[in-house]
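A.B. asks: Mind docking chain B on chain A? Use the hints.
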Amino acid sequence: MLLNMITANSLQLVSAPWWRVLYDFSSLTKSIDEGLNNTMGHFWTVVTEMIIIGVLILLFYAVIGLFLVYAERKVCAFMQNRLGPNRIGPFGIFQTIADLIKLLFVEMIPIKNADGFLFNLAPFIVIIAGFMALAAIPFANGLHAIDMNIGVLYVIAVSSMGVIGVLLAGWSSNNKYSLIGAIRSGAQIVSYELSVGLALITVVILAGSMQLSVIVEAQRDGWFIFKGHIPAFIAFVIYLIASTAETNRGPFDLAEAESELTAGYHTEYSGIKFAFFFLAEYMNMFIVASIAATVFLGGWMPFHVGPWDGFNHVMDFIPPFVWYIGKTFFVIWLMMWFKWTFPRLRIDQLLTLEWKYLLPINLVNVLIMAFIVLMGWHF
Amino acid sequence: MSNEWLILFFLVGAIFVGAVLIFSGIVAPKSTNPQKFEPYECGIPTEGVTWLQFNVGYYLFAILFLVFDVETVLVFPWAVVMKEVGMAAFIEILIFFFILGLGLLYAWKKHALIWE
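Order-wise, the sequence lines are chains A and B. The letter at position 77 of the first sequence is residue 77 when you use the numbering used here, and the numbering goes up by one with no holes. The letter at position 97 of the second sequence is residue 97 when you use the numbering used here, and the numbering goes up by one with no holes.
Only chain A is shown next, with the shape it has when bound in the complex (with noise of 0.2 Å):
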């Protein structure tokens, strides 16, 4: 009896997907909170805990936004046939943080008449946004900073604040560019988000859940852009748009329309806190897609076919993180895509393109999904 249950056990042990205990992060968070609790008191423990956290955090987001920052140029290097930055270590990979030190050593200059308060609070406002919105993100199994049952509602709050920021920097900068730049901005993110957020519910009522972790769980037979029929890949084509309008990149760039508005709303803004709105719209591109990558390819799920056991074994091994950042970098390099492809559009066509056609087809698109869920016509 005793036999037959060890062994029992033993099979369980053995049966149980492996590489999801190897690959497992939450296993190892709980140990280092465990480790934590017993050598010091509660108080230090979540003491310690916020500063590993956050100088995780940090860390991660300065290292993304500066590889993004040269991502971008040399994407853009090779789509012109350029070479792209090339001087500053191997490949240039170091020139991004080259920029950063000039930038740190450059005057931040005072505008006469400017509304100062306003003009310095932005900066702040842009970047905060950035970092609460990558709070919610689930980069791979049980890593995972804060896991909310309405994560998708919330990033989509979040990350749309950064608007006020754009805002701000355009009112106070005491500019007339700035400020057309600025509201040129408002108009097109406020828009926009509409798509996204109808593009999200679309897949919300697939999955069932807001939560993030639930709906990445619920993709482990298949990812939710192949599950949902066509609705799925259309709400995922006008999130693609709607979150590179949002975003404020081309062809969708109106804001800091360089031809015709020099910079738009960061015109009079120099040194380091230019370089913030810089950071921040990187930022923000990494989190919009790395949103696309959990909700609509699946996350940090391994790529899985149906029947064939060989292939999705040999798909297990690869580890949930390097899924993550390899679907967040696909959709980024889509976006830079269009960046590079395009030519930028007119505020009117801008915003025609929202109202007349996403706006309707996403509508009609969620009606359809909905009748496809009821009928249980999905995968």
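It is possible that part of the hints are untrue.
Simulated pairs of lysine to aspartate or glutamate, EDC-like, Cα-Cα distance not exceeding 20 Å [claimed, not checked]:
#1 A:LYS356 with B:GLU71
#2 A:LYS227 with B:GLU84
#3 B:LYS110 with A:ASP348
#4 B:LYS36 with A:ASP115
#5 B:LYS36 with A:GLU107
Don't read these hints as lab results, they were simulated from the structure.
C.D. replies: Leaving out everything else, chain B in the frame of chain A:
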């Protein structure tokens, strides 16, 4: 982790920006020159006030956005329970989207969506 940890992310962002600004303020050189503090517009002195009136079209879109954004917030809880409730939820959202579509159609016919 529980949701209270969000304050940590807020603090990390604020401290990051604040510390870098202070550092840059210490190491960056300073020089004064009356022309340097002028707003950057075409290189010539600026004329008139900056905070001008702008196109009323932006307000129209802002109002439309408010309507549809509130709608999005209302649809999110519906989307979560859609699978469980089934047919009733589908009919309800049909009616809801019909009314909403009428609103969009009204704005469209009133030329609120045309940029002038």
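A.B. asks: State for each hint whether it applies.
C.D. replies: Right, here's what the structure says about each hint:
no. : hint                   : in the structure
1   : A:LYS356 with B:GLU71  : 17 Å, holds
2   : A:LYS227 with B:GLU84  : 19 Å, holds
3   : B:LYS110 with A:ASP348 : 16 Å, holds
4   : B:LYS36 with A:ASP115  : 17 Å, holds
5   : B:LYS36 with A:GLU107  : 11 Å, holds
Violated hints for the displayed structure: none, as all numbered hints are satisfied.
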